[in-house]
Amino acid sequence: MADATNGYKSGSTLEKVLRAGQFAATAELGPPKNADAEVIRKKAALLKGYCDGANITDNQTAIVRMSSIAAAAIAVREGLEPIMQMTCRDRNRLAMQSDILGAYALGIRNLLCLSGDHQQFGNHPTAKNVYDLDSMSLLQMVKGLRDDNRFQCGEEIKGVNPRFFIGAAENPFADPFEFRPYRLAKKAQAGADFIQTQLIYNVPKFKEFMKRVVDLGVHEKVYILAGVGPLKTAGAAKYMRDQVPGMDVPDEIVKRMEEAGKGIEDKKAKAAAAREEGIKICVELIQQMREIPGVAGVHIMAIEWEEAVPIIAEKAGLLPRPVIQ
Amino acid sequence: MIVAEQKPFEEIKAKIAKANKVLVVGCGTCVTVCFAGGEKEVGILASSLRMATKIDGNPKQIDEVTVQRQCEWEYLDTIKDRIGEYDLVLSLGCGIGVQAIAEHFPEARVVPGLNTSFLGLPVEQGVWEERCAACGNCILDLTGGICPIARCSKSLLNGPCGGSHDGKCEISTPDRVVECAWDLIVKKLMARGELDKLLEIQPAKNWQTSRDGGPRRIAREDLMLAKE
Ligand code: SF4
Ligand code: SF4
Chain A
1 MADATNGYKS
11 GSTLEKVLRA
21 GQFAATAELG
31 PPKNADAEVI
41 RKKAALLKGY
51 CDGANITDNQ
61 TAIVRMSSIA
71 AAAIAVREGL
81 EPIMQMTCRD
91 RNRLAMQSDI
101 LGAYALGIRN
111 LLCLSGDHQQ
121 FGNHPTAKNV
131 YDLDSMSLLQ
141 MVKGLRDDNR
151 FQCGEEIKGV
161 NPRFFIGAAE
171 NPFADPFEFR
181 PYRLAKKAQA
191 GADFIQTQLI
201 YNVPKFKEFM
211 KRVVDLGVHE
221 KVYILAGVGP
231 LKTAGAAKYM
241 RDQVPGMDVP
251 DEIVKRMEEA
261 GKGIEDKKAK
271 AAAAREEGIK
281 ICVELIQQMR
291 EIPGVAGVHI
301 MAIEWEEAVP
311 IIAEKAGLLP
321 RPVIQ
Chain B
1 MIVAEQKPFE
11 EIKAKIAKAN
21 KVLVVGCGTC
31 VTVCFAGGEK
41 EVGILASSLR
51 MATKIDGNPK
61 QIDEVTVQRQ
71 CEWEYLDTIK
81 DRIGEYDLVL
91 SLGCGIGVQA
101 IAEHFPEARV
111 VPGLNTSFLG
121 LPVEQGVWEE
131 RCAACGNCIL
141 DLTGGICPIA
151 RCSKSLLNGP
161 CGGSHDGKCE
171 ISTPDRVVEC
181 AWDLIVKKLM
191 ARGELDKLLE
201 IQPAKNWQTS
211 RDGGPRRIAR
221 EDLMLAKE
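So the protein lines, in turn, are chains A and B.
In terms of the working numbering, the first sequence has 238 at position 238, counting the first letter as 1, and numbering is strictly consecutive.
In terms of the working numbering, the second sequence has 12 at position 12, counting the first letter as 1, and numbering is strictly consecutive.
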């Protein structure tokens, strides 16, 4: 039998915050490229209390890192609620389900279902990929484990079944733009309880996307967390604008990052000025996201810059994070 | 058709290094059409090998023959009297042709001269592209005649993923542009007013009909010769 969850699907903090109608804030914690648990503990200490959950990435960009399940279990012990990511690239439905059972047994309650980046650009490009499932059929499987008490094959789960708050990702800036809101609707239908979007810098385009999402009524079926993140340098902004497919960084943002360090001779001070501007832009983005109908929260991605999250959360008026019993 | 490409010349040379009498066997079907292992390519390769081994001071007897279809016993029988004369057969058939020779002539030693690449077609002169992964359960009716199993880099059934950009797959580089199959599928079906097909969630695929179910075999009673 399932745990007593008081009417919640999973009883995770993130679920409770969203159900209470609070504007949610999630963050991101990238596991290390080694076996050091201390890295997770340090990052968890930085994020704890400043978000309703932190995404633990799963071999992100196809680079081998500590497994998301292990890192998430460490986060649980440290009192930081993990949102465990799981991609379809590295495991088939057997491995995924056994990991899902294990993750639940370890106290993990949020699961983000992804297709995963292709291995081509990671550090093992000669690997074979799996893609037994895609993000959609993974969502269906995780929902089935929770709501129907059944494995993907249809067999009943005897005993405790894994009850996750189920997440999915969507990139509003990927092509074809017209189809993206429908794909989001499909993910909600497949089983997603919440969606985290890719990093947003082009707000007008995101608004247009959200308008279509709201017109379809999808925001009533799934909580949508808008992806935001602080830029560290003008170079990073340019790189994202020019080199990262599916990223949309307007020139205006790049210009603001360039202006920030202008005229400052001291290298350290120059870098600090850029970082400050990056945080400022991020805070402004959060304010704008709050105003967009259908947006239920923000997902703050400060990759390898976890220190920025408390500052952003503070400045954006996201603190203290609600505690829901 | 089956699309193949000739292995690098040095690799082929190394593979035949220990043999003295080599028979290069071409195939008149798929690999002829994709200019990899037909009569013409057999001729060029055989003479290049003759020349190269001569220059190396180790001349070999390299003969050539092209059968109509290397993957059928009947056509292989046309070389059955010759094959015993050679200590090595260099097949310019696809992987099926190589194996057919090995199976039909158990005494023969056979090496592959081609890399069998994919099931595809020439999209323009000199350019071939993959089209089918022989999954054993065709779904082309759902996807506007565009195969996501073979043509989406992740074989997604509910694409496109978040890496689709400007019609290109996320694995594209400046040197290697790969079309996003799902971009093609979505655009085609939306233009046709078949959004409903795209909205339907395709559940997890049954890969049993694919290679994952083990080596496949089709046996048709209606075609089998009556057993005594
Ligand atoms: S769906 Fe299967 S059989 Fe049909 S074209 Fe694609 S791989 Fe080939
Ligand atoms: S970009 Fe398109 S083709 Fe490439 S993996 Fe994603 S959906 Fe498939």
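None of these hints come from the bench; they were simulated from the model.
A few of these clues could be false.
[As the list claims (entries may be wrong)] Okay, derived cross-link-like pairs now, SDA-like style, lysine to any residue, Cα gap no bigger than 25 angstroms in a straight line:
#1 B/K187 - A/K158
#2 B/K197 - A/L216
#3 A/K207 - B/M190
#4 A/K128 - B/I146
#5 A/K143 - B/M190
#6 A/K128 - B/N115
#7 B/K168 - A/G21
#8 B/K197 - A/F177
#9 A/K211 - B/P203
#10 B/K168 - A/P204
#11 B/K205 - A/R91
#12 B/K168 - A/P125
#13 A/K221 - B/K197
#14 A/K128 - B/K187
#15 A/K158 - A/V244
#16 A/K143 - A/P204
Structure-based check of each hint:
The straight-line distance between the Cα atoms of B/K187 and A/K158 is roughly 44 angstroms, outside the 25 angstroms bound, and the hint therefore fails. Restraint check: the Cα-Cα separation between B/K197 and A/L216 comes to about 17 angstroms, which is no more than 25 angstroms; the hinted pair holds. Only pairs whose Cα atoms come within 25 angstroms are accepted, and A/K207 paired with B/M190 is accepted, the gap being roughly 22 angstroms. Using a Cα cut-off of 25 angstroms, the hinted pair A/K128 and B/I146 holds, with the two alpha carbons roughly 23 angstroms apart.
Restraint check for A/K143 and B/M190: not satisfied, since their Cα atoms lie roughly 29 angstroms apart, outside the 25 angstroms limit. Our distance criterion of 25 angstroms between C-alpha atoms is met by A/K128 and B/N115, whose separation comes to about 18 angstroms. A distance of roughly 39 angstroms separates the Cα atoms of B/K168 and A/G21; the hinted pair therefore is violated under the 25 angstroms criterion. Restraint check for B/K197 and A/F177: satisfied, since their Cα atoms lie roughly 18 angstroms apart, inside the 25 angstroms limit.
For the hint linking A/K211 to B/P203, the alpha-carbon distance of about 28 angstroms lies beyond 25 angstroms, and the restraint is violated. A C-alpha spacing of about 24 angstroms is found between B/K168 and A/P204, which places the hinted pair at or below 25 angstroms, so the restraint holds. Only pairs whose Cα atoms come within 25 angstroms are accepted, and B/K205 paired with A/R91 is accepted, the gap being roughly 15 angstroms. For the hint linking B/K168 to A/P125, the alpha-carbon distance of about 19 angstroms falls within 25 angstroms, and the restraint holds.
For the suggested pair A/K221 and B/K197, the alpha carbons sit about 21 angstroms apart, so the restraint of at most 25 angstroms is met. Taken as a hint, the A/K128 and B/K187 pair is broken in the structure, with Cα atoms around 29 angstroms apart against an allowance of 25 angstroms. Taken as a hint, the A/K158 and A/V244 pair is broken in the structure, with Cα atoms around 45 angstroms apart against an allowance of 25 angstroms. For the proposed pair A/K143 and A/P204, the alpha carbon gap of about 33 angstroms is over 25 angstroms, so the pair is violated.
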